[in-house]
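As a plain string of letters, each chain reads:
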Amino acid sequence: MTSVLTYIGRNTLELIRYVSGLIDLSREAGYWAFVAPFKGRPLKWRSSIHQMVLVGVDSIPIVCLIAIFIGLVLALQGAYQLQQFGASFMVTALVGVSVTRELGPLITAIIIAGRSGSAFAAELGTMKVSEELDALDVMGLDRVRYLVVPKYLAMIVMMPCLTILADLSGIVGGAVFEILQLDQNLYTLLIYNRDALHMRDIWTGLVKSIVFGLIITKVGCYEGFSVKGGAEGVGKATTSSVVVSIFLVILADVIFTAIFYYTG
Amino acid sequence: MAHDSFEGPMIRVVDLCTFYGERQILKNANLEVQKGETMVILGGSGTGKSTLLRHIIRLEKPSSGHVYIKNHDICHMPEERFDLLRPKIGMLFQSAALFNSMTIEENVSLPLRELTQLEDSTIRIMTRIKLDLVGLTGFENYMPSQLSGGMKKRAGLARALTMDPEILLFDEPSAGLDPITAAGIDSLIVKLKNAFRMTIVVVTHELPSARIIADRITMMDRGEVIAIGTLGELEKSDHPRVQQFLQRVPEAESEDPHKYLEELTQPPA
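Taken in sequence, the protein lines are chains R and X.
To convert a position in the first sequence, counted from 1, into my numbering, add 28.
To convert a position in the second sequence, counted from 1, into my numbering, add 3.
Honestly, the hints are just simulated from the structure, not real lab data.
Some hints could be false.
[As the list claims (entries may be wrong)] When the alpha-carbon atoms are kept at most 30 angstroms apart in a straight line, the in silico DSBU-like pairs for lysine-lysine are as follows: (1) X:196 / X:239; (2) X:239 / X:91; (3) X:133 / X:194; (4) X:194 / X:30; (5) R:256 / X:73; (6) X:194 / R:72; (7) X:133 / X:91; (8) X:30 / X:73; (9) X:196 / X:73; (10) R:72 / X:91; (11) X:64 / R:67; (12) X:64 / X:38; (13) X:64 / R:264; (14) X:239 / R:156; (15) X:38 / R:67; (16) X:64 / R:156; (17) R:256 / X:196; (18) R:156 / X:133; (19) X:73 / X:262; (20) X:30 / X:133; (21) X:262 / X:239; (22) X:262 / R:156.
[What the hints assert, rightly or not] Facing chain X, according to a computed beta carbon distance under 10 angstroms, are these residues of chain R, among others: (23) 47; (24) 48; (25) 52; (26) 158; (27) 160; (28) 161; (29) 169.
Beta carbons: idealized from backbone N, C-alpha and C, even for Gly.
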């Protein structure tokens with residue numbers, strides 16, 4: 029009995045520590061990203077742009093490809109159900125709405141968590157192991173300002189961009205099936221999508237994508253900073269950064285979708 | 004490089020205690036390093052000497068006690084005030100800690116680029132001077148991964164020297180180096196001491212290198228400072244652990260068979 033309580037207690041404490049660590053990191057990053065530039069401590073544009081290339085530009089092919097597949101699968105599954113009601117023409121709307129509202133941002137976030145979140149954790153973890161973080165401290169260079177903020181900025185800019193591309197690719201993926209199987213043409217697709225999609229569908233997706241990007245950066249960097257031990261620690265941090273950020277992304281997704289549902 | 008009128012001990016460590024969880028790493032460590040002096044902190048592995056060094060540059064905060072740099076208590080001052088002191092202290096890490104994504108020149112010039120408003124050309128010249136000082140002229144555009152262990156240490160030293168510090172800290176400068184390269188690093192330390200009258204603290208477990216560079220030696224054992232003095236004074240010391248270290252006597256094996264058996268059979272705590 030006591031061991032169960034100890035277990036629960038220890039894990040609760042760990043969770044609290046983890047969450048407060050994430051909050052501290054976000055506060056510091058927020059300070060260096062949005063307050064310090066007005067106090068004469070400018071942003072690191074060069075490394076921010078470098079990160080944008082790594083996080084954003086380099087992920088375009090994989091994000092688009094996966095989004096096309098998702099759109100295609102969605103159209104197939106939708107048609108399978110909707111045919112029973114003779115409502116195959118609704119497939120276009122189904123794909124358009126679910127991709128822009130939900131799957132575009134989510135798939136992008138999951139790919140980026142696996143691609144960039146893990147890279148953040150591995151990079152910072154290796155720097156910690158090789159004393160590079162200590163070296164930064166000794167020189168008086170703030171590690172959050174130099175290492176975390178560029179990643180934050182890259183994510184804030186790039187996640188919406190990638191999400192828009194994913195939205196488009198998803199619709200294109202669906203369109204392939206709709207044109208080949210449902211006898212539609214580009215004109216009808218355009219009309220159906222125009223009628224089905226509201227601006228709100230798109231911007232709620234983009235808002236979500238920014239939040240997802242912040243979560244992924246936060247978790248990746250925090251895991252990297254808290255690496256203990258050598259190479260094994262880096263491996264563990266990389267793994268858990270992916271698991272934790274995907275979990276938190278989906279949790280945030282639930283919360284945001286609920287908010288948008290009840291306020292819409 | 005440092006020319007101000009400050010007299011008295013550059014570094015003063017007073018009653019420093021540190022815990023990692025339950026384990027006490029430092030037990031009431033006391034230490035004074037005078038201006039221009041080279042202090043070697045000598046001791047076996049895991050005796051807390053690196054931890055002591057990390058306290059001097061505020062990479063660790065003590066559980067209790069004080070560290071004074073030029074009479075400023077660095078353990079209890081706000082970050083902004085310590086930022087003013089920081090450029091006066093340079094540190095060479097055990098693994099050299101060069102930033103792997105930057106060239107040697109970028110590594111060495113980083114503090115100047117980030118913390119000063121100097122012109123690019125000035126920075127380049129100052130970087131060359133530092134690299135020349137450590138014997139790395141011509142390696143400006145190499146990446147750290149292209150350098151040998153000894154050269155990395157030299158580059159790390161050049162970076163530590165960039166802001167013209169008054170105090171230089173070395174964490175195991177000869178760890179992982181062959182004797183010849185290690186001797187090269189030792190003579191570099193001596194050169195810095197003679198040329199610039201820097202205050203130097205070196206953590207090492209290598210007696211030969213301590214012989215060459217040390218003005219005074221602090222001997223540490225199990226988190227405690229057990230002796231401070233010149234090598235000659237230490238050799239005359241009758242402290243058994245000091246003698247054991249200097250004579251390279253291995254740890255005595257447990258001679259009581261019963262106790263040994265007990266240790267083996269007891270479940271781990």
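Original post:
Which numbered hints does this structure break?
Top reply: 2, 4, 5, 6, 14, 15, 17, 19, 20, 21, 22, 23, 24 and 25
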